[in-house]
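Each protein sequence line maps, in turn, to chains S and P.
All you need for my numbering is the position in the first sequence, starting with 1, plus 1.
All you need for my numbering is the position in the second sequence, starting with 1, plus 4.
Hints are supplied without guarantee of correctness; some may be wrong.
As the list claims (entries may be wrong) - Result set (BS3-like, lysine-lysine): computed pairs, CA atoms no more than 30 angstroms apart in a straight line:
(1) S:LYS307 - P:LYS165
(2) S:LYS307 - P:LYS178
(3) S:LYS259 - P:LYS264
(4) S:LYS231 - S:LYS94
(5) S:LYS307 - P:LYS62
(6) P:LYS62 - P:LYS165
Because the hints were derived from the structure by calculation, they are not lab data.
Note that the coordinates shown come from a computational prediction; the quantities given were computed from them, not determined experimentally.
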Amino acid sequence: MSRSARSLVALFTLGWALLLAAADMNYDLRPVRVAADTWVLTGLNEDFSFKNGGNIVNTGFIVTPAGVLVIDSGPSRAYGEQLRRAIARITDKPVVMVLNTHHHPDHFLGNQAFAPDTLAALPETIHGIHSEGGGFNENMYRLAGDWMAGTEVLAPTKPLTPGPLELGGHTLELIALKGHTGADLAIFDRSTGVLFAGDLVFHDRAPTTPHANIPAWQASLDQLDTLGFKVLVPGHGPVSLDAGPIRQTRAWLTWLDKALRQAAEDGLDMTEALALDLPAEFRRLAVVEAEYRRSVGQLFPAYELKALSHSGRPAQ
Amino acid sequence: MIKPHALAAASLMLACSLALAAPKGDAQNDPLGSHNWSYMRKDLFPATARVIFDERVKVSAPLTAENPMNVPVSVDAAALPGVTEVLVFADLNPIARIVRFGPTGAHPGLGFRIKLQQSSPVRAAARTADGTWHVGGTWVNTTGGGCTLPSAGSASPEWQKRLGEVSSRVWERKEGGERIRLRIIHPEDTGLAAGIPAFYIQALDVADAQGKALMHIEGFEPLSENPVFTVDIPAARASTGYQVSGRDNNGNAISATIEK
Chain S
2 MSRSARSLVA LFTLGWALLL AAADMNYDLR PVRVAADTWV LTGLNEDFSF KNGGNIVNTG
62 FIVTPAGVLV IDSGPSRAYG EQLRRAIARI TDKPVVMVLN THHHPDHFLG NQAFAPDTLA
122 ALPETIHGIH SEGGGFNENM YRLAGDWMAG TEVLAPTKPL TPGPLELGGH TLELIALKGH
182 TGADLAIFDR STGVLFAGDL VFHDRAPTTP HANIPAWQAS LDQLDTLGFK VLVPGHGPVS
242 LDAGPIRQTR AWLTWLDKAL RQAAEDGLDM TEALALDLPA EFRRLAVVEA EYRRSVGQLF
302 PAYELKALSH SGRPAQ
Chain P
5 MIKPHALAAA SLMLACSLAL AAPKGDAQND PLGSHNWSYM RKDLFPATAR VIFDERVKVS
65 APLTAENPMN VPVSVDAAAL PGVTEVLVFA DLNPIARIVR FGPTGAHPGL GFRIKLQQSS
125 PVRAAARTAD GTWHVGGTWV NTTGGGCTLP SAGSASPEWQ KRLGEVSSRV WERKEGGERI
185 RLRIIHPEDT GLAAGIPAFY IQALDVADAQ GKALMHIEGF EPLSENPVFT VDIPAARAST
245 GYQVSGRDNN GNAISATIEK
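Bound conformation, chain P alone:
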């Protein structure tokens, strides 16, 4: 049997070697205490990148999610200056990446819904102009199974007629600027339900009436069926109307005008 102090020494050595491998100031002590964090760090970010835990990146989600197929999540990284992109992921999901978005005029935040296979940290990593990734997150507890269930759409021929259909609406915000909410008809199949291949939206671009880009969204399998997005536009970029375009992993195009 290994003596406790020997074990402690060994783990200390291991911790030191990890600390040496990562850039100075890199995230080590996960505030969410997930055993998978070190692998997330390795898999999702370049070894040379600086990754820090930062409470200024806010992830709002229910502590207990009753429906693992439709867990609401909002990300807000506006407390950070100069956010260039945000990657949202769940450590313990079979497909960890959920969505990546790049605000190019829109507010650096996004509301959406996800499928969770089991209780997991849900995190957002916001990259600032200096290349640092700022990671915030929260735990979501759920009974799980959300990723391996077939979508309702996969069992019904109805969606085929309406695939890619967009419903939307624009609101003026009390804080100034505008809010766009949009919903797209899409099964968002993960590929993890038997016999149903992955089928999901990969790219969405929100632009103003003149076609100037406001937000690029890269989607992954865990986004919920018929995904709903909330995008806020600062007053300076408010437009007479908006447009959204994109495609899924089968090359089906999505295109709609969002009228006020």
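Same shape as in the complex, but just chain S:
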């Protein structure tokens, strides 16, 4: 084959590949009705990847006569746009409010798909999106590639005040908590008994901890546990009809806290802490090995610092 013929074939192949890729940027979002007026889109229990395009997160919406309330906008502009179309297939009511439960990328990078004046979050979440959103977004391009095309950080301008919120006959409670990040919003719909717990609750997937404060997180879980919800929508993993995911998240955090404190108190080097065996009860959690390694990197230095600050105590 001549050189020019070869380049032509290469060009054709490249074009075709791009076309196929573009056609593939479909998250295939299918809202599932979990209670009256209430819909959830469940993501995969995986890490971000080129294959899943970042769709590892749960988003949801509540349809009311006064308009639609959206909870989290997903990991990319494309996700946000496809979410908006999925909503439009179910109702012709306009989206009147989009809440970002916290400042992690998979919960707000779909904001561009919605009218800027509908976006709202807790003040510290808005601050977090401003200060860390750019870095998160760059990282998402590295992890999810073309799915991120056109995605830019769009921070909400409307700071939320925690407390009751009436919307089209639904009595909602906006609950300001923390522990997964410095500001975690939970939304409890008293009318339907549905609790959107954000990333305070993970289900069948190991929790992520880049901004975790474990004691604060545990206290938030205790508070969620007292709400008397009928349906629990975790930030990641399947929707539940009981508090199982809260217990699961609490058990993991309790073990992680104890294991890392013990490792530091026993004088383990970080490489030795990384090599610890995970208890059998947690091995069935999705991506548990990877999340454990990340958590050691994120949390171990603080435990280590505490252990070293003590004056030398001979070990057992």
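Given the coordinates of chain S, assemble chain P onto it according to the supplied hints.
Quick look at chain P alone, frame taken from chain S:
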């Protein structure tokens, strides 16, 4: 266009000439498959030295490091007899040398943390008394950027008051002997972040209560900010206490007593 067999012949000739230049038994086939190995061989070791790949030199590090500013690494060369010094380096780091240590009574191993600019082999070369360098290593994958980011310390005046401050603790080891862990407040700036000159610990000496040397550590820029070290002391050299002394590249002294 060069024909494939001609290319193969040329590379064979090149390989032969390299083999002739290096001492007999010298490391040629990098088990980590790094394209930079031959340059590391040339830059870091004397041409006349014997350098071999040796699995007895263990380098523990996560295969995937989420935080390129703080990648944990442990080196253990105790399976080799008579180790006189160990050089730790990362082939693809802009500053390849990470740390060099010489055990003079301590266990021939060291735990520490490093900054990586990109995915790279991280290797330890242990020199035995006969002059041979035994090289072990592992790949670490990372998103990178660790070397060109400013330290947190460079943006805060707080560290200046605490520069060189040492926290430490001594443990008895189940295997016998003792473990010292120590952390030093230091920004460890690489000099690769714009406008922030290199500022890092160059020398640390760990000694027993009587001042007899146990371990000499020579630091380079890629050690992580506020570096943490793990040093193991065999039972025969365990002491009632330890001391650490050293300096950074600006001549600031580090000195602390490590009490049990």
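Checked hints:
no.: 1; hint: S:LYS307 - P:LYS165; in the structure: 20 angstroms, holds
no.: 2; hint: S:LYS307 - P:LYS178; in the structure: 22 angstroms, holds
no.: 3; hint: S:LYS259 - P:LYS264; in the structure: 24 angstroms, holds
no.: 4; hint: S:LYS231 - S:LYS94; in the structure: 26 angstroms, holds
no.: 5; hint: S:LYS307 - P:LYS62; in the structure: 29 angstroms, holds
no.: 6; hint: P:LYS62 - P:LYS165; in the structure: 38 angstroms, violated
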